[in-house]
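Use the sequences and the hints to build the structure in full.
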Amino acid sequence: MSQLLYEGKAKKMFTTDDPNVLRVVYKNDATAFNGKKKAVFPGKGKLNNAICTRIFHVLQGKGIPTHFIDKISETEQLVKAVDIIPIEVVVRNVVAGSLAKRFGLDEGVRLGRTIIEFYYKSDELGDPMINDDHAQAIGLATEKDLAEIRSLAARVNTILQDLFSEAGILLVDFKIEFGRLKTTGDIVLADEISPDSCRLWDRKTHEKLDKDVFRRNIADLPETYEKLLNRLEGVK
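Numbering (my numbering), first residue to last: 1 to 236.
If you're looking for bench data, these hints aren't it; they were derived computationally from the structure. Incorrect hints may appear among the rest.
To be verified - Heads up, simulated DSS-like pairs for lysine-lysine below, C-alpha to C-alpha not over 30 Å straight-line: (1) 46 to 12; (2) 227 to 204; (3) 236 to 101; (4) 144 to 46; (5) 62 to 175; (6) 144 to 27; (7) 204 to 12; (8) 9 to 101; (9) 121 to 38; (10) 144 to 36.
The structure presented is a predicted model; accordingly, all values stated were derived computationally and were not measured.
See the structure below:
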């Protein structure tokens, strides 16, 4: 019998008959500012599932190991069971959000090189930024693990930059997570990649095509996500 294992801000995870496979259900909830701003948007789960599925197919086709197995309904996926490494990996190509605030830089400035940041995954602590030494000292990951995570994150960034560029979209930054497969212990890309976890701008107009439209009350969130999905589906 399927049991609820976990419920987050945007997804629920359930067991299946196979202990190494989980069922993910995408919710219609949207949150911002560590859950301080909340809303429900009919159709959001369906859109995030479709966008994430498209992205994972592309990444897997380019050799990125992921937990994704298949999309099984408009709002559901099957994924491989993993032990999540409690590190949020943020990849930045363009100045935006907290990076602009921290360094007093203007949003939209292209960085001289890609920045990869680590954050300790802890809602209670507010997901504080950490470095490799912190991660190793408190037992989150080994030096080898972190090197592999950085390498995979950089490869994901290159692939997604190309994908979004073909759709006329600038990949500003994004957050990803990694986990160890229950079966082998191998590190794979997990969680999701969607407009909930990415900053995506139109390359010419800088129109926002991500959750910032909700954070900043700029535009309708489902309409924005639908526009993004249509552009991605236009890329062969």
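Evaluation of the provided hints:
no. : hint       : result
1   : 46 to 12   : holds (13 Å)
2   : 227 to 204 : holds (15 Å)
3   : 236 to 101 : violated (37 Å)
4   : 144 to 46  : violated (37 Å)
5   : 62 to 175  : holds (19 Å)
6   : 144 to 27  : violated (35 Å)
7   : 204 to 12  : violated (36 Å)
8   : 9 to 101   : holds (25 Å)
9   : 121 to 38  : holds (20 Å)
10  : 144 to 36  : violated (36 Å)
Checked against the numbered hints given earlier, this structure breaks hints 3, 4, 6, 7, 10; the rest are met.
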